[in-house]
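The listed protein sequences correspond, in order, to chains A and B.
Under the UniProt record's numbering, the residues of the first sequence are numbered 1 to 383, in order.
Under the UniProt record's numbering, the residues of the second sequence are numbered 1 to 319, in order.
Straight line, CA to CA, 20 Å or less: simulated SDA-like cross-link-like pairs of lysine to any residue:
{"no.": "1", "chain 1": "B", "residue 1": "K221", "chain 2": "A", "residue 2": "A138"}
{"no.": "2", "chain 1": "A", "residue 1": "K151", "chain 2": "B", "residue 2": "L250"}
{"no.": "3", "chain 1": "A", "residue 1": "K208", "chain 2": "A", "residue 2": "I197"}
Keep in mind the hints are simulated off the structure, nothing from the lab.
Model, not experiment: these values are computed from the prediction.
Now for the letters of each chain:
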Amino acid sequence: MRRIPRIPSVASALSSSSTASAPARSAAACLLKRDIATRSPRTTQLRSQTCAHSQRRYLSVSSRSLSTAQQVDTDVARVLEEEAAVLQAGAQIPSREIQTDLVYPRGVVEAPRSTDVTDPEYTPAETAEGLEEVGGLANWWEDPEHWSASKEYVGFGPQEKVTDPAVLEVLTRRAVVEGLIYTRYAEKGCKNPLREIGGREEMERALKVEVDVAEDGTATLKKSFKPVWADLNRPTPEGKPVTAEISPADAQQLAKSWDPKWKTISLRDPVTKFAVAKRIQRLTGHVVPDGKLFGINTAAGLVAQLIKPPKPKKLAEEIATKSELVSLPNVRVFPRRVTPVDKEKMVGRWKIIVQELEKRELPVVGTGNYGKAVEKKWILGKA
Amino acid sequence: MAGKGIRNLSEAMRALSLGAPQTCRTTLPVRTASSICTRSMATEAPLPNITRSVTDAWQPLATVPVTIYSFPSLEPRSLESWSTKHLHLPLRRDILHLAVIYEGDKTRQGTASSKTRYEVHGSHRKLYRQKGTGRARRGDKQSPLLRGGGKSFGPKPRDFSTKLNRKVYDLAWRTALSYRYRRGELIVTEDGLELPLPDDFLQLAESGVLGTELEDGFVRKYVRQIMTGLEWGKPNGRTTFITGDHRPNLFTGMEVAGEEGRALELEDVDVKDLLETGRIVIERSALKEMIKEHQSDLVSKVMVNGTRQKGPSLGQVIV
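Please model the complete structure; the sequences and the hints are all you need to start from.
Written out as structure tokens, the structure is:
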């Protein structure tokens, strides 16, 4: 695996000549100066050792420009002199704070190697018992106190997918109406294309738009759709987006009140279909893949696709949910193979078997220290 | 299905209408008599309505839509239309098999090597005389029959690669992509696919206060969160990211969190990679390049009447 080299150590920066532009150079020198100023004398020594050997593995655009700009000869030399002066003076300079909400271990002190210890009374421990536990940063970030909420993943859709069929139907109608409106105005350009969710009001406004559906599925929007376009165009407010939630009961009632003809609205136009799919993803969290999407040509098809539960991963799950096998009196369905141990457990003999085996100090499962039967290879004709 | 058999001879005769002379009309209701012969239609798939009139011409699908997403939010950003010959080919398992075997053969190192009796070091002196020792006759120490001797028919370095017609191999590439597309496992992202690590973390990493263990631990968790949020991670069969060139954060991130997926440069990808893992996430330009490089069966280098076959266009932007 190729690696990106870490920022070159100060020594290598000194030796390398660069053609960085003047502003970049001064900025780099400034940054470097601050960087150096943060270190206490002890850590400076440590870091200059580690930096030379380790590699930088993560890059940002800003840091990349920084690293190229850092290969500055004259400025670095000046900064180094200043650093030396600071170190000699032993002055305490407030450390440069990186604005972060992550909690990371600070002030790590490395213990000297046992060979470096000069104390004659020192004797290395021979067992780990009674020693203080140190290190172990492998699970540092698993602690919620160290992690921060700003690092959580935020997708385009809601965190939880909408699964209720009635709610899905209502949201599909909203998406279809908004998709149709988008198509109508798409040429004018959309400032915030189909990202805005809005609150309860916006949802009601979109659901109130009446649609006339022709025999061939062509939809004509009736009046009162302009405010919906305005809602779609509004820039997303700062902070958490407002979400409109609708209860399944309300959704059911609402869906019944509509003329079922709306489900015949044609989605053949690719622009409309794209807009509808994007809205669906934003509102429900369902990503309709392209391979499925191009076969969906009506609103009803889209609703059916969204409502369809995901395919069970295991055969046992499928049988347990919908097969008539479950209701048969002489059939039982197990999620995994029924082992001899399971059979013993079913008749309540397993505990006794375990007791008896333990009494004789025999392994409960497997062969323990005894290994395989010696006779086996004779029977199989291998010896 | 049970009950497909014939119960007895008379029924069989009846079914064959070889019994007592009956008119056609009387033989017809036999079906109802042997109701056990009829099959429940529960398992039969309904036939699609494939009948079409002679008047309306058959217009096969020419293009399929491809949504271009942003990463990692997965926001649909634009829509393109691609030829069905690029992304909607019928599944040909045989061609995929040929391609995977071809690649496997080509990748074999073929460096296994053993010494023959003529290459084993040592003297070729006869071990002992031919007759009179009471032992089996022996030549030299390097004989394959002896321990430490040469290998009679051992492996020698060789090239295992087999051949596959270029057009078949190219068809396999697009068949693999089409298979993914149809299953909804081909996600095309905008150009510049990269893992967006948070700024503060990058600054911390830059200043070196974290150290490799903490840096990698952070990235591992960060990647895991994204992959779980997208349902692309380990429980969903991992993900292959394909980019045009090396992207430091994405590649290192996927290496650190290898259980969630992997990242490949376009030049390192082959058909087998396209068929592995739960889904393929590829940036738009990489997909374009990939298909452009693998359409020899659609384009021609030969000019006929001043023109040459250029093949379908590589993705047209709709939205």
